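K.L.:
Per the numbering used here, the sequence shown starts with residue 28, numbered consecutively.
Take every hint as true, because none was put in to throw you off.
Pairs of lysine to aspartate or glutamate, DMTMM-like flavour, derived with a Cα cap of 25 Å:
1. Lys-223 / Glu-101
2. Lys-77 / Glu-56
3. Lys-124 / Asp-343
It is worth saying that the hints were derived from the structure and are not from the lab. Since we're looking at a predicted model, the values are computed, not measured.
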Amino acid sequence: MELPKKHILSHNELTYRYIQFDNVFAFNEFIDHKAKKLSNHNESIWSAVKNRASERIEMKKDWYGSPIPNTIKELESHNSFLGMELLKEIQPQIKDKLSEYLQYLAQLELPKPKIAYNDRGLGVFSFDRASMGMFKIHAINTATPIQENISKLNIELGKKQLHTSVKSVYAYFKDKQNSYPSLQLYIMAGANAKVKGNNILFVGLACAELVAFMEQRGISVEVNVVIGSHFRGQTVLAKIRVKRFQDKLDTNQLLLMSSDPRYFRYRGFKTLIVLADYFGYKIPQNLGSLPKNLGNNFVDAVNKNGFVFEQSYAMDKAVREVSTIITNYKNRLDGKK
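Using the sequences plus the hints, can you model the full thing?
P.N.:
Right, dumping it as structure tokens:
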């Protein structure tokens with residue numbers, strides 16, 4: 028496989044060594060490939076991680092969140108956030124917590140774009156709107172759904188003559204020239220070893236709600252997850268894009284990469300070891316640490332227009348991060364006017 032380019036960036040007297048991936052598949056492929064070729068030192072650290080994982084599983088520790096895994100194989104193959112029972116409990120709570128604030132912003136800060144109609148052929152033809160005043164010049168075949176869709180398609184393609192008393196039948200976003208610029212989000216994955224497994228969930232759920240809120244307002248959003256560690260004065264990181272601007276959000280993928288204790292505390296640890304090895308370092312037994320504001324400082328170095336979710340281990344803190352990002356985004360817009 029083609030190995031990713033190594034990037035070295037100095038910013039505010041700090042040096043970041045990082046690699047970036049356009050998608051999760053490329054990231055996972057690289058990590059699994061390089062994990063087979065570790066130095067002797069880093070291989071011993073990885074073996075110790077696996078041994079500790081086996082011990083925690085045997086002792087029924089909740090370090091990997093709920094439900095508790097039964098085998099190491101479950102950790103290695105874990106690729107779906109949907110099996111976590113707590114998701115059903117937390118997601119409605121964080122939605123409720125955010126709803127009042129988001130409704131306020133919807134009215135005063137970032138309203139949804141309004142759909143308008145015209146008769147000049149600008150935008151997308153709306154059959155439903157035209158049909159409200161349609162003359163029956165010809166019959167629409169409603170024998171089956173397929174035949175009905177074919178009839179409608181012939182009208183939209185101009186193959187059938189259409190007469191309607193409704194003239195404005197082309198839909199478009201009103202005042203599109205005033206649409207908001209795109210938004211790039213970065214989530215710093217991981218957690219302090221003392222944080223309970225389920226408490227890692229909040230940041231990913233909050234980010235998912237923020238993406239939905241923004242995209243309902245016509246704001247294109249890109250989402251990246253940052254995984255990394257700092258040790259002996261060195262910082263190694265991986266930046267993984269989990270959502271392109273034009274894609275719909277894959278909530279499972281986002282939560283898996285950013286907030287899943289079962290994923291991060293096994294495959295994420297594997298990632299930290301591989302990153303250190305790739306840059307020629309011996310990772311310490313504790314796998315290093317995540318200094319405060321590492322995510323903010325790194326993103327400021329690589330993309331000053333990016334917005335960062337740092338680690339949020341409580342619902343209220345995650346909600347505050349959402350409100351801060353929306354407020355800062357709006358303030359940035361106001362500053363450009």
